[in-house]
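Here the protein sequences come in this chain order: A and B. Numbering of the first sequence is given in the numbering used here, commencing with residue 1 and proceeding in unit increments. Numbering of the second sequence is given in the numbering used here, commencing with residue 1001 and proceeding in unit increments.
Keep in mind that the hints were calculated from the coordinates and are not lab data. Beta carbons: idealized from backbone N, C-alpha and C, even for Gly. Careful: at least some of the hints might be erroneous.
[As the list claims (entries may be wrong)] Just the calculated beta-carbon pair ranges, DEER-fashion: (1) ALA1018(B) to TRP196(A): 31 to 39 Å; (2) LYS1112(B) to SER50(A): 31 to 39 Å; (3) LEU1062(B) to ALA11(A): 31 to 39 Å; (4) GLY1132(B) to VAL38(A): 29 to 37 Å; (5) PRO9(A) to ALA1018(B): 21 to 29 Å; (6) VAL245(A) to ARG1135(B): 19 to 27 Å.
Next come the chains, spelled out residue by residue.
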Amino acid sequence: MSSPTPSFPGAAALRETGRLFALGIDVGRATFKRPFQVREFIQQCWFIASVTILPTALVSIPFGAVIALQLGSLTKQIGAQSFTGAASVLAIIQQASPIVTALLIAGAGGSAICADLGSRTIREEIDAMRVLGVSPVQRLVVPRVLAAMLVGLLLNGMVSVVGVLGGYFFNVVMQGGTPGAYLASFSALAQLPDLWISEIKALLFGFIAGIVAAYRGLNPAPGPKGVGDAVNQSVVITFLLLFLVNFVLTAIYLQVVPPKVS
Amino acid sequence: MGVEVVVEGLSKSFGSQAIWRDVSLTLPAGEISVLLGPSGTGKSVFLKSLVGLLTPERGKILINGVDLCRCSESKLYEIRKLFGVLFQDGALFGSMNLFDNVAFPLREHTRKTEAEIRRIVLEKMEMVELVGAERKLPGEISGGMRKRAGLARALVLDPEIILCDEPDSGLDPVRTANLSQLLIDLNAQIDATILIVTHNITVARTVPDNLGMLFRRELVMFGPREMLLTSDNPVVVQFINGRRVGPIGMSEEKDQAAVAAELAGHQSGPPDEDVRGIVPQLEPTPGLPRRQGALRRKDRVMRDLHALPAAARQGVLDSLTDEDRARYGMLAGVGAPVAPAAQPVSAVVPEWQPRHGHLPAPPGAAGPDPSDQRPVRRRGRWRFGRGGGNQRGGRSA
Chain A
1 MSSPTPSFPG AAALRETGRL FALGIDVGRA TFKRPFQVRE FIQQCWFIAS VTILPTALVS
61 IPFGAVIALQ LGSLTKQIGA QSFTGAASVL AIIQQASPIV TALLIAGAGG SAICADLGSR
121 TIREEIDAMR VLGVSPVQRL VVPRVLAAML VGLLLNGMVS VVGVLGGYFF NVVMQGGTPG
181 AYLASFSALA QLPDLWISEI KALLFGFIAG IVAAYRGLNP APGPKGVGDA VNQSVVITFL
241 LLFLVNFVLT AIYLQVVPPK VS
Chain B
1001 MGVEVVVEGL SKSFGSQAIW RDVSLTLPAG EISVLLGPSG TGKSVFLKSL VGLLTPERGK
1061 ILINGVDLCR CSESKLYEIR KLFGVLFQDG ALFGSMNLFD NVAFPLREHT RKTEAEIRRI
1121 VLEKMEMVEL VGAERKLPGE ISGGMRKRAG LARALVLDPE IILCDEPDSG LDPVRTANLS
1181 QLLIDLNAQI DATILIVTHN ITVARTVPDN LGMLFRRELV MFGPREMLLT SDNPVVVQFI
1241 NGRRVGPIGM SEEKDQAAVA AELAGHQSGP PDEDVRGIVP QLEPTPGLPR RQGALRRKDR
1301 VMRDLHALPA AARQGVLDSL TDEDRARYGM LAGVGAPVAP AAQPVSAVVP EWQPRHGHLP
1361 APPGAAGPDP SDQRPVRRRG RWRFGRGGGN QRGGRSA
C-alpha cells in the first residue's frame, strides 16, 4: 500500500519515529477498547514491580546521599545551610526520583517486555494472534504499557521517600547538619506542584519506556540476534528519550509554575 | 459454505526485490486448492498477504466484496475471523499449554461457558489425535504435534477459509497422508475454502481440486488439477517429477553454464520417471457427506471445459462417473463437445470404470484398457492410473 518510499538521508529514522508515534496513538486508543485485559495487566504490574522494587530502592539511597552531600558542601560554602534540606528535597522529588524510576523501569521492565514480545514475534506468535482476530496491541501491548505507567507512578513515590530519608541520614549523620533545620526547611522552597510534576514525569516516563520496548519488540530484525539487538536498542532509545522529555518538561514547569520564593 | 477469495493483479516486493508480480487467481468457494512452488518463491509471503499480515503494493484481494489491501484495521480484524491459518511451525503461544492455546480463540471471540469450551477443544484435539497432551507446553512436544495442535487451534472457530503453510514439512509420510485425509474430511464436513501451500508432490496430486504453481516471481498457472497435472510446461514437468534437469536450479533460476552443462548430457542420479498424469483424488472417509465443493467444481469445470488444454480436457472427461455423464448429458456417443478428442472418448466410454477403487475391469468387460499400461516417453516405467489422456490429447493435437 505504501507508495514509492522516498529515500533521503535520515528518511529511515523519520519513518521509525513516525511508526513509534503511531504505536503510541494506537495504544492510547486501544486502552479504552473493551474488553480490557485485567488479568494480563495485573500479571504485568506484578512482574514489573517485582523486578524493579529492590534495585530502585538500592539505587535511590546513594542517589539521595550524593545530592545531599553535594548540596551540603555547596550550601556550607555560600552560608545557606538552612536551605540544605529544601534544596535536596526539591532536587530529589523533581529530578532524581522520576529519572531513577524510569531508568529502572526501562532497564529492568522494558528490556524484559521487549525480549518477550520480540521472541513472540520471531516465533510468529504475534502473526498468529493477528490472524485469530485478536489485536496484539490491545491484548499484549496495552496491559504492559499501563503496567509500566502504574508501577512507575508508585515507584516514584517510594524513591522520593527513600531518597529523602537517605539525604537526611547523610546530611545529619555524616555532615553534622541539624535535624531540625533540615526538616523545617522542607516546606521553605518546595510546594505541592513539585510533587505533581514529579508524578506526571514518572507516568510519562513509564509510558515512553513501555511504548519503546513494545515497538522494538514488535519489529525486531529477523532471527534470535534481531531480538537481542532490539532489546539493546530499546533500552538505549528509551534513555535518550527520557532525558530529552525530562528537559522539556522541566523547562515548561519552571516557566508555568511560579517559584514559591520570589 | 466457504467464501470465495479473489486475487487480482497482486504484486509484492521487499525493497527493490520483487517477490511476485501480477498474481491473479480465484479460490472457488468450498474447494481445496494447492499452491506449489520451489523454495523461496514467496509462497508463504502470498499466504501472509491473503490474511492481511503483509500489504502488497498493487492489486486486490476480495473477500465477501471487501478489499483486504485497502480496508480499515478494524474491518481487517473482522474479516480475519473467517480465517483459520496453520503456520509452518504451528505458531503456538509458548506461555500457554495446548488446551489454552486451542481454547484461545473461543475465549477471545465467544461468550461460551468453560464447559462448552472444554467440549469443543477436546473434540478438535481428538480430531488431530492429540488427546492426552492438553496440559503440555508447546516447548515440550515434537514439531509434528505442534503442527497438529496449530491445526486444532485454526479449526476451533469453524473457519470458512483455511490456509495451511506447508502442512507436511517435518511430518513423516504416514502423518502427511493422515493430515491430507483430515483436510479432505474437514472440507466435506464444513465446506470451507482451503488453500494449501506446499512442495509435497503427493499432497499436490491427491488432495486439491485446483492446483497452481509459483515460479520466477509469477504465477505459472492456476486451474483445475487436471490442467497442471497434465501440463507440458517445462517448469511444471520438472517440479512434479523432482528432476534436476529443467529451468529450476538450486538458486531458483539456473545460470547459463549449468544449462549448457545439462544440454551437453551431464546427468547423474537415479533414473527418472514421469509421474505426471491424473491420479484419483482423495475421497472423504466413508460415512461423511459428499464434498459439496467437489460437486460445484465439477459443474464449473464442465462448463469451462472448452477453455482447457486438450490433455486436461481428456483427463476431466476420464474422471467422470456414469452418473456424471448422465448429468452432463454425455451418454456414450454423445460426448462430443470436444472435437479433437471425440474419437477416443466415445471409444472409452462403454468400458469406463469408477476411478476410485483401482479394480481391474469386471470379468466380461473388454478387459483393462491397454492404454492403462502404456509405457511413457521418458524411461520405461509404467504410468499408473488412467493418465493416458495426456498422450491421447497430445497425439490428436
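To see whether the hints hold, each was checked on the structure:
1. ALA1018(B) to TRP196(A): 31 to 39 Å: For ALA1018(B) and TRP196(A) the Cβ distance comes to about 55 Å; the hint is violated.
2. LYS1112(B) to SER50(A): 31 to 39 Å: 34 Å, holds
3. LEU1062(B) to ALA11(A): 31 to 39 Å: Given range 31 to 39 Å: holds, Cβ gap about 33 Å.
4. GLY1132(B) to VAL38(A): 29 to 37 Å: 32 Å, holds
5. PRO9(A) to ALA1018(B): 21 to 29 Å: 26 Å, holds
6. VAL245(A) to ARG1135(B): 19 to 27 Å: 46 Å, violated
Violated hints, listed in ascending order, are 1 and 6; each of the other numbered hints is respected by the structure.
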